[in-house]
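If you read the sequence shown in the numbering used here, its first letter stands for residue 3, the second for the next number, and so on.
Please keep in mind that the hints were generated in silico from the structure rather than gathered at the bench. Keep in mind that the hints are not guaranteed to be accurate.
As the list claims (entries may be wrong) - Keeping only pairs whose Cα atoms sit at most 20 Å apart, straight-line, the calculated EDC-like set for lysine to aspartate or glutamate is:
| id | residue 1 | residue 2 |
| --- | --- | --- |
| 1 | LYS180 | GLU192 |
| 2 | LYS282 | GLU258 |
| 3 | LYS107 | GLU192 |
| 4 | LYS196 | ASP243 |
| 5 | LYS212 | ASP300 |
| 6 | LYS16 | GLU186 |
| 7 | LYS196 | ASP167 |
| 8 | LYS212 | GLU289 |
| 9 | LYS107 | GLU186 |
| 10 | LYS212 | ASP189 |
| 11 | LYS227 | GLU258 |
| 12 | LYS271 | ASP300 |
| 13 | LYS107 | ASP21 |
| 14 | LYS170 | ASP243 |
| 15 | LYS227 | ASP165 |
| 16 | LYS250 | GLU318 |
| 17 | LYS63 | GLU110 |
| 18 | LYS89 | GLU311 |
| 19 | LYS302 | GLU318 |
| 20 | LYS63 | ASP21 |
| 21 | LYS227 | ASP300 |
| 22 | LYS302 | ASP21 |
| 23 | LYS264 | GLU280 |
| 24 | LYS171 | GLU200 |
| 25 | LYS16 | GLU37 |
| 26 | LYS321 | ASP300 |
All of these numbers come straight from a predicted model, not from anything done at the bench.
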Amino acid sequence: MIYHTPVKNVGERKIAYTDYIRGRPLSAQLWYPTENSNVKDTERPFILPPTAKNAEFIQDKHPLIVLSHGTGGNRFSLSWLAIELAKNGYFVVAPDHWGNTLDNKIPENFVRYWDRPLDIHFLISSLLDDTRFNSYIDSSRIAGIGFSLGGYTTLALAGVKLDCDTLKKSASLAENRKQFVIPELGDLQELMQKISCEQVPLDLRDSRVKASLALSPALGLGLPKVKQTNTSPVLIIGAADDSIAPLKTNAIRYHEVIKNSKYSVLQGKVGHYIFLNEGKLQLVNVEPTYYRDHNAMDRKSIHQQLIAEILAFLSEHLK
């Protein structure tokens, strides 16, 4: 079931809020169905369908999807997914997680993993209180989708709980070093040990989020072994050749711990960054780590496969 007849055009606009209590600015991007046909190609270095900037909204209430980018990414990292979701009748928002973006990398903010779910709590509340947008959002149908550290973020919204002490212990082990030495920020093992676990909220769940999807989620090393049963519906999608967030200690571990979670794997030589946008040739040449795939893989076709799986999950759980 798709909630609305797929539309041809997608509107896009930037918004911004500030969480004054936590001292965090929050820039975000919206994508949404529109009847405006004045679409233009993106100026960003990605291969994406055109969108209509600041287009008017369709007078209807749409399910809300909140996207959460990975470490060193930004609100545009999953634009390909946002646009496809908007074409299928969803109202999509993606924030920049302060201090954890491409142009604002603060290593200390990476290890403050709990700030991200709190960003999403604040963003959802801000949108639902904002008279510019709330008449177009169905507040009873909200889902989260995240990639990498954003995958952890959306699982936390579902009610999944990490154990801070377990995470710190895992981060200190030589065998896990590679998972805390990442292309975006370098070696974070020492910073992980500086976390004061007393400041980590015990529960980051947001009951407004009715379903969560995690794409190659990170921080699985922080999961306690006990089963977690009190979660909203969860779909975890891993990549078979992921060396950044390896399946065994991340996607598979989340699936084993989260009761009744759904799980699938992109097979073959599919790496961690397959979930990012397709890059234009110049970007592929400049940033091959993130945008050049194995010769046997085609990012566009994999994205099409993912869209079908994601839409089916959302249709089932945002009824």
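Verify the proposed pairing of LYS180 with GLU192, using a straight-line Cα cut of 20 Å. holds (13 Å)
Does LYS250 pair with GLU318 here, judged by a C-alpha cut-off of 20 Å? violated (27 Å)
Can you confirm whether the C-alpha distance between LYS89 and GLU311 stays at or below 20 Å? Satisfied, since the Cα-Cα distance of roughly 15 Å is no more than 20 Å.
20 Å limit on alpha-carbon distance, applied to hinted pair LYS302 and ASP21: violated (36 Å)
Please verify whether LYS171 and GLU200 have alpha carbons no more than 20 Å apart. holds (15 Å)
Restraint status (C-alpha distance of LYS107 to GLU186 at most 20 Å): holds (8 Å)
Pair hint outcome, LYS16 versus GLU37 [Cα-Cα no greater than 20 Å]: holds (19 Å)
Please verify whether LYS63 and ASP21 have alpha carbons no more than 20 Å apart. violated (26 Å)
Hey, LYS321 versus ASP300, does the alpha-carbon distance stay inside 20 Å? violated (32 Å)
Can the restraint linking LYS271 and ASP300 be considered satisfied, given a maximum Cα separation of 20 Å? holds (10 Å)
Take the C-alpha atoms of LYS302 and GLU318, compute the straight-line distance between them, and say whether it is at most 20 Å. Violated, at about 25 Å.
Hinted pair LYS212 and GLU289, Cα distance within 20 Å: Violated: LYS212 and GLU289 sit about 36 Å apart, past 20 Å.
The structure fails hints 2, 4, 5, 6, 8, 10, 14, 16, 17, 19, 20, 21, 22, 23, 26 (numbered hints given earlier, in ascending order).
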